[in-house]
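Participant: Given the coordinates of chain A, work out where chain B should sit on it, guided by the hints.
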Amino acid sequence: MKRKTLLLLTDHQLTAWQWTPEGCAAPQTFSTVGEFDTYLTQYRHPLWLLVDLTEEEFHYEGLPHINDQDHYAAAMQRLASHFPDTPLRMVVKQLKQTHTGKDDEMLYSALTQPTRLTPWLDAIEARRIPLAGIYSVAHLTSLLMQGSELEHQLLVTLEADTGLRTSYVYKGRLRFSRLAPAANLAERAETEARQTRPYLINRRLLPRDQALPLTVLCQDDIWQELMANAPPDPDLPLKHLDINEVARQLGIQAQLQSSDATPLFLHLLATQPPTRQYAPNPLTLRFRQRNTRRTLHVLAILLAATGMTWGGCTLWQTQQRLAEITVLQQQAQALRSKTTQIEQDFGPLPAAASDIKATLTLLQSLDQPPPQRMLAGLADALNDFPALQLLTLDWQNDPAHATATLLLHVMADSNTTEQLAQFRQTLSEHGYRVTELPSDATNATTVLQLLWPVSR
Amino acid sequence: MLGNGDLRGSWLALLLGLLVAAASVLLSQHQLQQSQQQLHTAQQQLSTAHHTLATARSDQLVLPAYAALYRSLQQQHVIGDTTPNIGSIVEPLRPLALDLRYSVSTSQAYPAPSAAEFELALHPVYLQLELLHEGRLLEILDGLRTTGWFMLERCSIAPAATSLHAECTGGWLTIKHHAYP
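Protein sequences appear in the order of chains A and B.
If you use the working numbering, the first sequence corresponds to residues 1 to 456, in order.
If you use the working numbering, the second sequence corresponds to residues 1 to 181, in order.
To be clear, the hints were calculated from the coordinates, so they are not data collected in a lab.
Treat each hint with caution, since some may be false.
As the list claims (entries may be wrong) - Listed below are the simulated DSBU-like cross-link pairs for lysine-lysine, each with C-alpha atoms no more than 35 Å apart in a straight line:
1. LYS357(A) x LYS176(B)
2. LYS338(A) x LYS357(A)
3. LYS96(A) x LYS171(A)
4. LYS102(A) x LYS176(B)
5. LYS2(A) x LYS93(A)
6. LYS171(A) x LYS93(A)
Isolated chain A, as found in the complex:
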């Protein structure tokens, strides 16, 4: 959020600044609600309302460490019981205990005169300007003490339009704060501190014998004046917090001309607003809706952008594919051209090349070797056994099993038994598979079956 309207409400007046990251513009102070209303017609940016009022009360106590839901209900109950008459109240859980038997540290605070804000809030609501929250200068003071090594300390700050604020900080956590009308820091700082210390002891916020360092946020010249006027006090040792050094650490570019801490608080409000503030939910609804709207719009834009980026990348991939396809198609066309050229070189063919090859392949698979191949070995064997009388020779081709079968009907008697056996042996040696088939004994014939694979 680049431009904000910062409002500071004091006991005396309401002042507005237009804030940008470069800093605050000149303030505009409003004497009447009408002037403020006119201002709101011109500047409709979200509002951050900072209050610096005397009617702000604080109550510190522990709350037993229980589960989150019950803890919240108990804290709300305590808050309502401490400040029943104002809706502008809040509780801050300053420390969540991790050890059993110890209480959580809770700071309850409220603006006890809510009617002081009513006219201004009504004007804001009438103009439908989003209100971010109602923040307290007291709660911002603890941000100035972050990083301090002191356990107990009082911080005194001067706000030009309101007075002197004295805040008690324990281990960097605000415990108490009060505002006193005063303009002279050097004169009033120690006095306010002396008045505050007994109160803290009575409220048991500070051990009785505990020294309470007084840290004064101011320019160097004011510090020198303070040191010259204040006698040393071991219960209230003085410490200097250079306002320009703090401003530099916060990131404020301009050099501060006085000890007025208002610019620091405005800068903290604009850049590090606390999570907790006094405005109840109905007052900040419009602001939260605005944020939700912006979030939804940003989400919508991100989704659309992501989708379109994804789509763009995918389309780029698609283009790459298409380029690849074009190359492949060109390559395929080149190959087809070469094929066509080769086929043209064949000259006229009696049929398609594939059909020619298929036809010849089929015929070759059906081809039979001539019987001579099978009979050659038989003829040689018969020559070795002239005594054997061949009655019949049957040759049968079996293309389904790639074999041929010879059936030999041979005259057999007692004289040829041994010769038949030798004849069978000789046939086997020539590569035939010889089987003697059953025959009619009365015919005196031996039937030999010879198998010969056609592929041999």
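Facilitator: The following block gives chain B in isolation, referenced to the frame of chain A:
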């Protein structure tokens, strides 16, 4: 609870953003898928073209011889819708036998595996021969094989009084491609 009425426009904007994102993603994914399929097809076509070229180069070496053999078989009436002249094949072999008798049967379909695109027919012949010796049978069988595609089925030889008696069955195969009726 945030007032939903004031956020209605923002929710619509979010919905619109979601729709735009979804449409972009879905459309582009669809395009990518299509291009992927086209790429696959192009790769297959290239592979086919490679294969066809390789086949053509291979054919370049053998096809002239194959084509000559094919023409020869066409001239011998092995290929095509034709019936061989069995008499002109058998008669010249008569001098090789003491006696030669033959009979021709009606052609029949010849079953062969892996021949779905072809129509094979066998033109059967039955031979009865009286031969001087078995060598003449082999010469006659060789003579039958010189013309057309002769396939011998069976033969039996038995000695007779003064000669060898042989009976053989076989036939001539003709082949016709369905693409060339």
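Participant: Decide if the proposed pair is consistent with the structure: LYS357(A) and LYS176(B), CA atoms, cutoff 35 Å inclusive.
Facilitator: 14 Å, holds
Participant: Measure nothing beyond the straight line between the CA atoms of LYS171(A) and LYS93(A); if it is 35 Å or shorter, mark the hint as holding.
Facilitator: 14 Å, holds
Participant: Below or equal to 35 Å on CA atoms is what counts here, so check LYS96(A) against LYS171(A).
Facilitator: 14 Å, holds
Participant: Sort out whether LYS93(A) lies within 35 Å of LYS2(A), counting only the CA atoms.
Facilitator: 30 Å, holds
Participant: Starting from LYS338(A), check that the Cα of LYS357(A) is at most 35 Å away, please.
Facilitator: With Cα atoms ~21 Å apart, LYS338(A) and LYS357(A) stay inside 35 Å; holds.
Participant: Within a Cα-Cα threshold of 35 Å, do LYS102(A) and LYS176(B) meet the stated pairing?
Facilitator: Violated: LYS102(A) and LYS176(B) sit about 105 Å apart, past 35 Å.
Violated hint: 4 only; the structure is consistent with all others.
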